[in-house]
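Trainee: Since the structure of chain W is provided, determine the placement of chain Z on it from the hints.
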Amino acid sequence: MAPAVVLAVGTPVGTVIENTATVTFDLAGSPVTLQTNTTIVTVVERIDVNVTVQSPQVLVAASDTNQALLFRVTNTGNGTETFQLAINSALGGDDFDPVPAVPPIYFDSDGSGDFNVGDVAYTPGTNDPVLAADATVDVFLINDIPGGVANGETGLSQLTATSATGTGAPGTEFTGQGDGGVDAIVGTSGGEDLDTGEYLVSDVQVIIVKAQAVADPFGGTQPIPGATITYTITVEVLGTGTATASAVRDLIPTYATYVPASITLNTVSLTDAIDADAGEIDTSGAPTIVVRLGDLTAVAGIQTVVFQVTID
Amino acid sequence: MSVSAKGVGMNIYKSVLFFVIALSVSAFAQEEGHLNVKTVVQKEEVTVNAAGERETRLVPAETVIPGERVVYTITFRNISEEPADNVVITNPIDASLTYVDGSAFGPGTEIQFSVDGGTSFAAAAELRVVEDGVERPANEDDFTHVRWVMQNDLAAGAQGMARFTAVLN
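Chains W and Z, in that order, are what the protein sequence lines are.
The first sequence begins at 3 in this note's numbering and counts up one residue at a time.
The second sequence begins at 7 in this note's numbering and counts up one residue at a time.
No wet-lab data here; the hints were simulated from the structure.
Be a bit skeptical, because a hint or two may be false.
Stated by the list, open to error - Simulated restraints, written as ranges between beta carbons of each label pair:
#	chain 1	residue 1	chain 2	residue 2	range
1	W	Gly113	Z	Ala128	43 to 53 Å
2	W	Ala275	Z	Ala128	44 to 54 Å
3	W	Thr44	Z	Val136	32 to 42 Å
4	Z	Ala131	W	Asp112	47 to 57 Å
5	W	Gly178	Z	Leu64	23 to 33 Å
6	W	Asn118	Z	Glu59	51 to 61 Å
7	Z	Met167	W	Gly95	27 to 37 Å
8	W	Ser65	Z	Val140	24 to 34 Å
9	W	Ala92	Z	Val135	50 to 60 Å
10	Z	Thr150	W	Pro126	16 to 26 Å
Claimed, not checked - Okay, the calculated bits of chain Z under chain W, using three or more residues with CB under 8 Å as the criterion:
#	region
11	42-49
12	66-73
13	76-87
14	90-102
All values derive from a computational prediction rather than experimental measurement.
For each residue, glycine too, the CB sits at the ideal point set by N, CA and C.
Chain W with its partners taken away, still in its complex shape:
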């Protein structure tokens, strides 16, 4: 399933391209200019479509219902075309077959990218999307997840968009069936395209542990004024999912003062300033340590953030 090249909008159907060459020369010292005949070529309709899944892997749990995968259907031809949509969730190459909901296809009517109550169901033959050249429509496939699926298993679901005029090998001609009665010719997509989205059964568990070590000015461990507290925060992700945009935020205790330049992430120092590195001390409100860990998976291992304060 190679992704098709998405063309920018092509020259409109019905455009007439005239061409006349000019020939100049000297004959017996006199300049002469001649025009050739004018050739005429008419642009007819090219039928092409692209389907591209928009959702990254969708994380689900066993027995979840109405799980949505978002796709975008683009008319990559140069005329107005009607497309028929179809779902296939009984695919190979996965661990379980998602169960299409009834109805299984919805338009993202409110353009939110999320499946909402306001989104309109697709009924084949009734509200087939009609797309102008280069126009798009966003479509959800809705599936239920069977019970009994195990953590880490995947299920695939596929959207196919098919030109209502017809499909075939590139170059296949539908005489008189293009816009305004011109011929329609199948382009590189064959008049049909599909893409596949994936559900991943995933439990993500994030374990955060905060520890402290006190060092007083006299070599002991008493939390007295002037003592330094070293905080160590560890973050661990368990399961097969991804904890997206993970960040550690920790308020500096009111009785303490942050020790400048003391933040480290996995033993690497971070500056206090709000800049390109992953951490800072945010003093816009109550002083807060912020360290951004990004998208974390179990593969990343334990993330360790350390910083220090002194007791006032």
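Mentor: Same frame as chain W, but now just chain Z:
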């Protein structure tokens, strides 16, 4: 001229069209009495022969779809009694077409391009354009005209050709 039309009606239409072109060309030739000039537009048709090999041939182009290539061929013949000097063939590249890099061809000619609507011409490598205030080498998207400058005289009775390929945007 080979015709690949599918219906009888199409064949009749083509015959009429060619008849009209033939008339107008001969009218020019009679009027000017110097050079007989003509343009044809064709496109590539790929077929599979009996041996299973892919064959590409040029067929008359009446219709075209975005992404398809069209080939323009200009032929010229000196029908006067004198040699023609400084023969230059100039062809605009329609805004809906993009010149196919390296496709211009013309025996005994130097090939030049314009990026300013045909005001000035130079070899492709010498042309530059300004885009968003920055000057850069011109590319095939920038070409507005192609021209062929014959390096020698066209003797009485001699003929020549100029050709280029463009892709429909």
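Trainee: Compare the structure with each hint and give your call.
Mentor: So, going through the hints one by one against the coordinates:
1. At roughly 49 Å, the beta-carbon separation of Gly113 of chain W and Ala128 of chain Z lies within the given 43 to 53 Å, and the hint holds.
2. Against the hinted window of 44 to 54 Å, the Cβ-Cβ separation of Ala275 of chain W and Ala128 of chain Z comes to about 53 Å, which satisfies the hint.
3. Between Thr44 of chain W and Val136 of chain Z the CB atoms are about 35 Å apart, so this pair conforms to the stated range of 32 to 42 Å.
4. For Ala131 of chain Z and Asp112 of chain W, the Cβ-Cβ distance of about 53 Å falls inside the hinted range of 47 to 57 Å, so the restraint holds.
5. Taking the beta carbon of each, Gly178 of chain W and Leu64 of chain Z are about 25 Å apart, inside 23 to 33 Å as hinted.
6. In this structure the supplied range 51 to 61 Å holds for Asn118 of chain W paired with Glu59 of chain Z, their Cβ-Cβ distance being about 56 Å.
7. Our hint of 27 to 37 Å for Met167 of chain Z and Gly95 of chain W is violated, since their Cβ atoms are close to 55 Å apart.
8. Checked against the hint of 24 to 34 Å, the pair Ser65 of chain W and Val140 of chain Z fails, with Cβ atoms roughly 58 Å apart.
9. Between Ala92 of chain W and Val135 of chain Z the beta carbons are some 54 Å apart, a value that agrees with the proposed interval 50 to 60 Å.
10. Between Thr150 of chain Z and Pro126 of chain W the C-beta distance comes to about 47 Å, which lies outside the given range of 16 to 26 Å.
11. Counting residues of the region 42-49 of chain Z whose CB falls under 8 Å from any CB of chain W gives 5; the rule of at least 3 is met.
12. Given as covered by chain W, the region 66-73 of chain Z passes the check, having 7 residues with a CB less than 8 Å from a CB of that chain where 3 are the minimum.
13. Given a C-beta distance limit of less than 8 Å, the hint that chain W covers the region 76-87 of chain Z holds, as 5 residues qualify and 3 suffice.
14. With a cut-off of 8 Å between beta carbons, the region 90-102 of chain Z has 11 residues touching chain W; three or more are needed, and the interface restraint holds.
The structure shown violates the earlier hints numbered 7, 8, 10.
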